[in-house]
Amino acid sequence: MFSRDRWQEIFDTIKKNKLRTFLSGFTVTLGILIFTVLFGMGNGLKNAFMEFFMDDATNTFFIFPGRTTEPYRGFKQGRRIQFRNDDVEDIKKDFAYFLDYISPNIQRRGMVKYQGESNTYSVGGVGPSYRLNEKTIMMKGRYLNQHDIDNRTKVAVIGRLVERDLFGKDANAIGEYIVFNNVAYKVVGVFQDDGGDNEERVLYVPYTTLQLVEKNNDEISRIVLGYDTSIGHAGAMAFERSLTEYLKDKHNIAPEDRSGIFIRNLADIVQQNMMFANVIQMVVLLVGIGTLIAGVIGISNIMVFVVKERTKELGVRKALGATPWSVIGLVLQESVFITAIAGYIGLVIGILILRSMGDSLEDYFIVNPSVGVGTLVGATVILIFFGALAGYIPARRAARIKPIVALRDE
Numbered sequence: 001m002f003s004r005d006r007w008q009e010i011f012d013t014i015k016k017n018k019l020r021t022f023l024s025g026f027t028v029t030l031g032i033l034i035f036t037v038l039f040g041m042g043n044g045l046k047n048a049f050m051e052f053f054m055d056d057a058t059n060t061f062f063i064f065p066g067r068t069t070e071p072y073r074g075f076k077q078g079r080r081i082q083f084r085n086d087d088v089e090d091i092k093k094d095f096a097y098f099l100d101y102i103s104p105n106i107q108r109r110g111m112v113k114y115q116g117e118s119n120t121y122s123v124g125g126v127g128p129s130y131r132l133n134e135k136t137i138m139m140k141g142r143y144l145n146q147h148d149i150d151n152r153t154k155v156a157v158i159g160r161l162v163e164r165d166l167f168g169k170d171a172n173a174i175g176e177y178i179v180f181n182n183v184a185y186k187v188v189g190v191f192q193d194d195g196g197d198n199e200e201r202v203l204y205v206p207y208t209t210l211q212l213v214e215k216n217n218d219e220i221s222r223i224v225l226g227y228d229t230s231i232g233h234a235g236a237m238a239f240e241r242s243l244t245e246y247l248k249d250k251h252n253i254a255p256e257d258r259s260g261i262f263i264r265n266l267a268d269i270v271q272q273n274m275m276f277a278n279v280i281q282m283v284v285l286l287v288g289i290g291t292l293i294a295g296v297i298g299i300s301n302i303m304v305f306v307v308k309e310r311t312k313e314l315g316v317r318k319a320l321g322a323t324p325w326s327v328i329g330l331v332l333q334e335s336v337f338i339t340a341i342a343g344y345i346g347l348v349i350g351i352l353i354l355r356s357m358g359d360s361l362e363d364y365f366i367v368n369p370s371v372g373v374g375t376l377v378g379a380t381v382i383l384i385f386f387g388a389l390a391g392y393i394p395a396r397r398a399a400r401i402k403p404i405v406a407l408r409d410e
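When you line the sequence shown up against full-length UniProt numbering, it's residues 1 to 410, in that order.
Honestly, the hints are just simulated from the structure, not real lab data. Hints may be right or wrong, so weigh each one.
[Said to hold, decoys possible] Heads up, simulated DSS-like pairs for lysine-lysine below, C-alpha to C-alpha not over 25 Å straight-line:
no., residue 1, residue 2
1, Lys250, Lys92
2, Lys154, Lys215
3, Lys140, Lys113
4, Lys154, Lys113
5, Lys169, Lys135
6, Lys250, Lys76
7, Lys169, Lys113
8, Lys135, Lys92
9, Lys250, Lys93
10, Lys113, Lys186
11, Lys113, Lys215
12, Lys248, Lys93
13, Lys186, Lys135
14, Lys92, Lys248
The structure presented is a predicted model; accordingly, all values stated were derived computationally and were not measured.
When you get a sec, could you build the whole thing from the sequences and use the hints?
Below is the structure:
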């Protein structure tokens, strides 16, 4: 392995057969290059799913009222279901074991004004625990608290881009008053959100305040709750079924009516989509491995030709006393050397291509395509192993040839 004469001989052989060496290395380089790029893009797809779903808490149910499609308990079909504050309190009381947090949510959209500036934003009437769902990061001031809910205070927490739009780039909105639906709200906090610009062009006010200014009702648009993650995925699915049955019974909805209540289980959606992403990555991985194997087969075929071309030379070596293992070692070392160098070149080119992509493929749901060090090391080891195998098979066959037969080869 460390024989200087052998390495000198290998380099002399490579110089004399440049085209053959190039073709041998090219098939391997192309195989590992395609494998690296495809695997990296598969990781980019998973990153896109993670970025899209992990911005908000995943142990979350979004519960929406619907419209019944069947008559039940004397109520006609087509009845619109309306959630109220007591629904939240009842869930708190009857499902306390499962709950991590729960918040009413009232969805509104309208013109928000500050002095001479105005723009249209989403306004959410929420409770303090809604922050846990959105993973809101406070930049200035504070978030809504229970005092705001109990006293129906006219305060607002605004997104970073809302502050920039209405107050200017370097202004401080804390303590200022904004107007929504002819009601003035004092800004008590400014937040940022990793979910992007749309998540930062939102305002939150106490849901009880919004109910007060809207004819003093107790109606809510939806309920957002987080369950205790210790119950696991199976427990979350059982909780979803129990909660659905409970709300249907409370609101007189037929058990088989699937339109009266909707529950969006984010954890289940995330799991399904991540399984889909994993399947796609496995398909991409199989394609990449297939390409890698094709490259190894290519170098194997070329090594067969090399051994055949050098049959007389190998016969002379054996006639002069070379052992079969020395013949095998020579061919094997040349095959491993070419495979390792070509594979390394393919890896480097593949990594450079992935880095040059960056986030340019976000529109195609591929974010930060990359390959981990462990994967690269594993691919290199596998590549060298198969390169050795590709050289060993023809070398072993050559080592078995009798010297007299090899010397007669034309």
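Hints, one by one, checked against the model:
no.	hint	result
1	Lys250 to Lys92	15 Å, holds
2	Lys154 to Lys215	15 Å, holds
3	Lys140 to Lys113	20 Å, holds
4	Lys154 to Lys113	15 Å, holds
5	Lys169 to Lys135	24 Å, holds
6	Lys250 to Lys76	16 Å, holds
7	Lys169 to Lys113	16 Å, holds
8	Lys135 to Lys92	21 Å, holds
9	Lys250 to Lys93	14 Å, holds
10	Lys113 to Lys186	12 Å, holds
11	Lys113 to Lys215	22 Å, holds
12	Lys248 to Lys93	17 Å, holds
13	Lys186 to Lys135	22 Å, holds
14	Lys92 to Lys248	17 Å, holds
Of the numbered hints listed earlier, not one is contradicted by the structure.
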